[in-house]
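Could you put the whole structure together from the sequences, leaning on the hints where they help?
Chains as they are written, first to last, in the working numbering: chain A, 1 to 63; chain B, 1001 to 1455.
No wet-lab data here; the hints were simulated from the structure. It is possible that some hints are incorrect.
To be clear about the criterion: a stretch of chain B counts as covered by chain A if any three or more of its residues have a C-beta under 8 Å from a C-beta of chain A, and this derived list gives those stretches [said to hold, decoys possible]: (1) 1062-1073; (2) 1197-1203; (3) 1299-1309.
Cut-off 30 Å, straight-line C-alpha distance, at most; resulting in silico cross-link-like pairs (BS3-like, lysine-lysine) [unchecked claim]: (4) K1100(B) <-> K1262(B); (5) K4(A) <-> K1027(B); (6) K1216(B) <-> K28(A); (7) K1033(B) <-> K4(A); (8) K4(A) <-> K1178(B).
Every residue gets a Cβ at the ideal spot worked out from N, C-alpha and C, and that includes glycine.
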Amino acid sequence: MERKIMAILAIVSLSLCLIFPIVHFLGKIDAAGYKSGFLLASAAWFIFATLWITSPKNRIKDK
Amino acid sequence: MAGKISTIAARLDQLYEFDREPVSLDKLQSGSKFAGLFAGEHVAATEFVIGAFFVLHGVTARDLVWGLLLGNLLAVLSWTFVCAPIAVRTRLTLYWYLRKIAGPGLTVIYNIANAILYCILAGAMIAVSATAIGLAFNIETPSLSDVFPGSVGWILITIALGAAFTALAILGFEKLSKFAQVCSPWIFIVFIAGALAMLPRLGVQSNFSNFWDVAKSRIWNGIAVPGQDKFGFWHILFFAWFCNLAMHIGLSDLAIFRYAKKWTYGLYTAFGMFPGHMLAWISSGIMVAAVGREMNPGLMAYEAAGLAGVAGLILAGWTTANPTLYRAGLALQVITPNWPRWKVTLAAGTITTVISCFPIVFVKLLNYVAIYGLVLMPIGAVVFAEHWILPKLKIEQYRAEKYQWLINWRALVVWAGTLMICFLLPLHLYFLWLPGYFIALAGYVGLQALKRNET
Chain A
1 MERKIMAILA IVSLSLCLIF PIVHFLGKID AAGYKSGFLL ASAAWFIFAT LWITSPKNRI
61 KDK
Chain B
1001 MAGKISTIAA RLDQLYEFDR EPVSLDKLQS GSKFAGLFAG EHVAATEFVI GAFFVLHGVT
1061 ARDLVWGLLL GNLLAVLSWT FVCAPIAVRT RLTLYWYLRK IAGPGLTVIY NIANAILYCI
1121 LAGAMIAVSA TAIGLAFNIE TPSLSDVFPG SVGWILITIA LGAAFTALAI LGFEKLSKFA
1181 QVCSPWIFIV FIAGALAMLP RLGVQSNFSN FWDVAKSRIW NGIAVPGQDK FGFWHILFFA
1241 WFCNLAMHIG LSDLAIFRYA KKWTYGLYTA FGMFPGHMLA WISSGIMVAA VGREMNPGLM
1301 AYEAAGLAGV AGLILAGWTT ANPTLYRAGL ALQVITPNWP RWKVTLAAGT ITTVISCFPI
1361 VFVKLLNYVA IYGLVLMPIG AVVFAEHWIL PKLKIEQYRA EKYQWLINWR ALVVWAGTLM
1421 ICFLLPLHLY FLWLPGYFIA LAGYVGLQAL KRNET
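Put into structure tokens, the structure is as follows:
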């Protein structure tokens, strides 16, 4: 269950990484806003994706 | 001398012992695994440089798009029709298959050549990532004509980064490889995000209506910067085709495709080629045009995606340098008997770090990629000829294995001879490998046909 939540959060974070530059390209946010948003979404991706791939199911599989 | 080579070959055999046997049917992998593997493998730090260089070489937008489409298609077809069929028939790595064909001695020489080439490639990755660190410390990025390091600051940064990459590789290759899986989709997003964010700076409207006009006039405008050759359609097509020459025509990827259920799995390489070697190269072209055509990957990444872009450039360098250092270390282990894993990785890392100090590995990256593929290509031709052509002509196969030859001298002559002929051909470096491949094929078949069998 926890693994599934981490996977969803990771995918949402990665999607946000793509949404911020699109919104900036459309002129809805400035460059500074885009860069800050992209940085935060990136940090979230690394946290959730790492938790996702190191969650119990994968560890058992590795053995 | 022969005794020494035999000893080294025996050590090499021990290192690769775990994959000596052909892959069994229960170990075969699904197509989606191949798609994922290739998608993650072809977005590296060097993509920041390659796409940008196309802009500096004055390619036009039309030539770029068609060249990349067809060149990458040819690369995918090379994996599908040249590499994958041999892999699924033999289920062996290139190392073991080459050993049957060329003998253990030549396999050692091939391995050492590969280790040197790997170290240079990893050095280029470090140099590209160093431009991102250099930005923070206001250290000048090498110019396009630089061969030697231009400042103490550049040397210190490359050494620091090389030492960090090497230390991480020593601490645990396996765990870091897993972390690299987390990085790869995000690094691809960095390219796309960076390009999208830079489009308004180049004057592209939010409805994309003038994108093609901007692409033709402000990005790929057909004007090469001073000191760079003018590139056209054929340069781009050949570059996209040979960028992974050692892997497809050179048959290094037998190691991967021996796990494929069918030879058609070669088509899954399209998942790596078109995002990595088309979209990422186009993206870095947009980024370099938006920073005034200055070849500075660190600046490009920072301007395009801020601190996340800088992190992306460093991680892209590291995630690709890490397995490259590992492979180089593995290849070097043959000449460093009884050394523990950490010591070999340290040696490979030290060589790589020294190489990375020389900006030529990064400012001449396109030429290096061409040379890398060219040097290993004749071995791919020898293996192809032995596998497909010799049985058709009823010429005895696998003589090195059958008669316990240390070196198949015909294969060595073809390898060296092909490279000598290639360097004498009056062609651009990018176009040499194709005639070279047919010369190697014909040369090897011709030499083997002189004595159709040994008995």
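Tested hints:
1. For a cut-off of 8 Å, the count of residues in the segment 1062-1073 of chain B with a CB near a CB of chain A stands at 0, and the three-residue condition is violated.
2. Residue count for the segment 1197-1203 of chain B with a Cβ under 8 Å from a Cβ of chain A: 3. That meets the three needed, and the coverage hint holds.
3. Check result for the segment 1299-1309 of chain B against chain A: holds, 4 residues qualifying (beta carbon to beta carbon below 8 Å, three or more required).
4. In summary, the hint linking K1100(B) to K1262(B) is supported, as the alpha carbons are separated by about 23 Å, within the 30 Å threshold.
5. With a C-alpha separation of about 27 Å, the suggested pair K4(A) and K1027(B) falls inside the 30 Å cut-off, and the hint holds.
6. Straight-line distance between C-alpha atoms of K1216(B) and K28(A) comes to about 27 Å, which keeps the hinted pair within the 30 Å bound.
7. Between K1033(B) and K4(A) the alpha-carbon distance is near 20 Å, which keeps this suggested pair within the 30 Å criterion.
8. Only pairs whose Cα atoms come within 30 Å are accepted, and K4(A) paired with K1178(B) is accepted, the gap being roughly 19 Å.
Checked against the numbered hints listed earlier, the structure breaks hint 1 alone; every other hint is satisfied.
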